[in-house]
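Asker: Those sequence lines, one after another, are chains W and S.
Counting in this note's numbering, the first sequence tops out at residue 113, every number present.
Counting in this note's numbering, the second sequence tops out at residue 115, every number present.
Accuracy of the hints is not assured; some may be wrong.
Capping the alpha-carbon separation at 25 Å, the derived lysine to any residue pairs in SDA-like fashion look like this [to be verified]:
no. : chain 1 : residue 1 : chain 2 : residue 2
1   : S       : Lys44     : S       : Pro74
2   : S       : Lys44     : W       : His45
3   : S       : Lys51     : W       : Asn98
In short, the hints are calculated from the structure, not lab data.
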Amino acid sequence: SQQGEEDPQALSIQEGENATMNCSYKTSINNLQWYRQNSGRGLVHLILIRSNEREKHSGRLRVTLDTSKKSSSLLITASRAADTASYFCATVNSGGSNYKLTFGKGTLLTVNP
Amino acid sequence: NAGVMQNPRHLVRRRGQEARLRCSPMKGHSHVYWYRQLPEEGLKFMVYLQKENIIDESGMPKERFSAEFPKEGPSILRIQQVVRGDSAAYFCASSPPSGSTDTQYFGPGTRLTVL
Numbered sequence: 001s002q003q004g005e006e007d008p009q010a011l012s013i014q015e016g017e018n019a020t021m022n023c024s025y026k027t028s029i030n031n032l033q034w035y036r037q038n039s040g041r042g043l044v045h046l047i048l049i050r051s052n053e054r055e056k057h058s059g060r061l062r063v064t065l066d067t068s069k070k071s072s073s074l075l076i077t078a079s080r081a082a083d084t085a086s087y088f089c090a091t092v093n094s095g096g097s098n099y100k101l102t103f104g105k106g107t108l109l110t111v112n113p
Numbered sequence: 001n002a003g004v005m006q007n008p009r010h011l012v013r014r015r016g017q018e019a020r021l022r023c024s025p026m027k028g029h030s031h032v033y034w035y036r037q038l039p040e041e042g043l044k045f046m047v048y049l050q051k052e053n054i055i056d057e058s059g060m061p062k063e064r065f066s067a068e069f070p071k072e073g074p075s076i077l078r079i080q081q082v083v084r085g086d087s088a089a090y091f092c093a094s095s096p097p098s099g100s101t102d103t104q105y106f107g108p109g110t111r112l113t114v115l
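Throw the hints in and build the complete structure from the sequences for me.
Answerer: Have a look at this one:
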């Protein structure tokens, strides 16, 4: 398995419900970031959480980080059809290059109207 | 304030041809990164460049691939003698000269299809 693995691989929910996606990683990190990718498009940076932070909020997004378990979760509250996209976590590993983002394979979120 | 621009958005090449992918970073950004995304995969780091310098090309295949970021003009990722396995989406990202290189702004990508 690779650094930054998202779980589940695919998630389908109804509009208005909350969506939770998880990310596990293997090495020590400086920070962890979440990105969204709409089908066939580029990546949009959502949120960055540093290794000394445990929780961060941005609008309807809530990210947690548990460095002891080497895991992070992304919660999208009150989901909308427009949230339909693939979501990737990316880590910047500590002790190495702070520019090299290591991505997981992503979670495909489908929000049904 | 234009974001990172990449062209072409779609590129079709036959095996053995050359592919040239261009990336114009955000205005004022002097750090450029290239990533490759194979189908159903996450992005993989390829190379990190600053103006006229390759800082880290550890993620780039040793043969057929090259990258540059000249003093003037866009960054270019060049793939010579393309093979079917090169079919992927290639993303460019940029970051400003000061501040953290771990906050990168991505372009829309170039989707390369090798026939």
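Asker: Regarding the pair lysine 44 of chain S and histidine 45 of chain W, is the alpha-carbon distance no greater than 25 Å?
Answerer: Measuring from Cα to Cα gives roughly 16 Å; hence the hint holds.
Asker: Given the hinted pair lysine 44 of chain S and proline 74 of chain S, is their Cα-Cα distance within 25 Å?
Answerer: holds, 21 Å
Asker: Holds or violated: lysine 51 of chain S and asparagine 98 of chain W, Cα atoms, limit 25 Å.
Answerer: holds, 18 Å
Violated hints: none; the structure is consistent with every hint.
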